[in-house]
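Engineer: Chain residues, written in single-letter form:
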Amino acid sequence: MAHHVLDMPATEPEIRALRIGDTVTLRRWLFGIRDATLIHMFDRDRRTRLDLNGHAVIHTAPNVHRVPVSNAAPVGYAPFCIGTTTSMRMERFTDALMEREGVRLIVGKGGMGPATLDAFAKRGGAYLAIVGGAAALETTWIETIVDVDLDDLHPESLWHFAIRDFGPLLVGIDSHGGSLFAEVQRDVAARRDAVIASLEDAR
Amino acid sequence: MDLDIREFEAVCRDLYVRALKILPPDIKAGFAELRRSETSATGRAILDTMVENVAVAERTKNILCQDTGIPIYNVVIGADVRVDGAALKAAIRRGCERATKEFSLRSSVVHPITRQNAQTSCGIRVPIIHIDFDDRPETLAVEMIPKGSGSENGSFLQMLLPSDGIGAAKRFVIDRVIELGGRVCPPTIVGVGLGGTSDLCMHLAKVAATRPLRSVCADPEGARIEADLSRAVNALGIGPQGLGGRSTSFAVHVELAATHITQNPVAVNIQCHSARRARATITPGGIAFD
Chain A
92 MAHHVLDMPA TEPEIRALRI GDTVTLRRWL FGIRDATLIH MFDRDRRTRL
142 DLNGHAVIHT APNVHRVPVS NAAPVGYAPF CIGTTTSMRM ERFTDALMER
192 EGVRLIVGKG GMGPATLDAF AKRGGAYLAI VGGAAALETT WIETIVDVDL
242 DDLHPESLWH FAIRDFGPLL VGIDSHGGSL FAEVQRDVAA RRDAVIASLE
292 DAR
Chain B
57 MDLDIREFEA VCRDLYVRAL KILPPDIKAG FAELRRSETS ATGRAILDTM
107 VENVAVAERT KNILCQDTGI PIYNVVIGAD VRVDGAALKA AIRRGCERAT
157 KEFSLRSSVV HPITRQNAQT SCGIRVPIIH IDFDDRPETL AVEMIPKGSG
207 SENGSFLQML LPSDGIGAAK RFVIDRVIEL GGRVCPPTIV GVGLGGTSDL
257 CMHLAKVAAT RPLRSVCADP EGARIEADLS RAVNALGIGP QGLGGRSTSF
307 AVHVELAATH ITQNPVAVNI QCHSARRARA TITPGGIAFD
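Line order of the protein sequences matches chains A and B. Every position in the first sequence, counted from 1, becomes a number in the working numbering once 91 is added. Every position in the second sequence, counted from 1, becomes a number in the working numbering once 56 is added.
In short, the hints are calculated from the structure, not lab data. Glycine included, each C-beta is placed from N, C-alpha and C at the ideal position. Careful, some of the hints might be misleading.
What the hints assert, rightly or not - Quick list of the computed label-pair ranges, beta carbon to beta carbon:
(1) A:R277 <-> B:A313: 34 to 40 Å
(2) A:F133 <-> B:L217: 39 to 45 Å
(3) B:A174 <-> A:R282: 26 to 32 Å
Just chain A, with the same shape it has in the complex (with noise of 0.2 Å):
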């Protein structure tokens, strides 16, 4: 179980290091993105300005509050609460995020399936989860949002942050297959028919 630190964007084969049970903290650059966001993106071909080649995603909306532009506000939002949302309902855009705009890395909460697995271990890439809920904590870990694009999906526009020490996250689905939520799956389904007895034994 090692633990990397990740100045994004990274490359492949610092992508293909991390091995599921892994920590990694990310540093400089993270990109907010979620269902709209995808949506507009992939299904109805809208393009982004901001470059996400070799950089993470989270799946967020976050609560931001319009100030004055400054060096703090370089577009007019300041970060108010930055968490994380359920990345199964985005399952289906891995690939595609990753083919057309180089994305790496996915933190978000709850896992991701199989075409997640497959475009990881085509492409290199891997999944991070995040304590979903823990948004307060997570935060204090960003410290601008410096860009935002596709902002008429407010709150689900495509976000650029900076960050600081970005973690510590847990390397969920790595790129050679391998997947701690599809693990824990296996062991549940063992389970569950002895659960099962056990409330009949119940009655």
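Place chain B on chain A using the hints.
Structural biologist: Quick look at chain B alone, frame taken from chain A:
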């Protein structure tokens, strides 16, 4: 008591913000209890992060979770309370909108077809308002629940047959909890509705999911089933965030209603670990938040 509608509107605004910022004490106690029995190192670390988040939110005056939820207001009007019902509903809506604008909350509410976000946390039939009555003299209670959506997507209804028995309902709950895994932000409160019609059954599941921890189903048969299911879900091994461990749920809560001779409905609605709710009680003596 004549309800001061302006004051009530401000209470509805403040309840939304309080609910987003202050985790109820029973949920905090629930975390401590789960932490003591958690055997997975990853599970313990995740629970510790969740507890740390509550402390950070309090220290930085931030909201607990970025999901401002779907706003739900539950109003209970006691005896000898004079209020214009339409004005009451309008005041709730204004309070909800003011919370969103004055505190710059994320509006998480969109039109279901156009997906347009009015940036007010309001829309058609939202905020959701439930009005009930009881016999407490000169008392109006209002509870605000910002229902988080990672867990709300964990909602199911099955119109089982009478011949399927209660066993099928219990299996349905276990199988839905397994299916949801980490998506609903465990540790959760699993709300189960039994009986009624389809719509009442689903509503009962929500009532159960948003009931305080350590509260017990008023029906003794329901209470027995919720105790059995509470033990069972934490033997599955899903754990905090679906990454393994004992702490899948704080509890399973059951609410029930009589049903038709042909029916055996069961519903599931999940509440995430950020199990937020806030309540105010208005009497001639003033406003008490709890």
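Engineer: All hints are to be evaluated individually against the structure, with a verdict given for each.
Structural biologist: Results of checking the hints against the structure:
In this structure the hint that R277 of chain A and A313 of chain B lie 34 to 40 Å apart at CB holds, the actual value being about 38 Å. Range check, F133 of chain A to L217 of chain B: about 42 Å between beta-carbon atoms, so the 39 to 45 Å window is met. At roughly 45 Å, the beta-carbon separation of A174 of chain B and R282 of chain A lies outside the given 26 to 32 Å, and the hint is violated.
Hint compliance for this structure: hint 3 is the single one not met.
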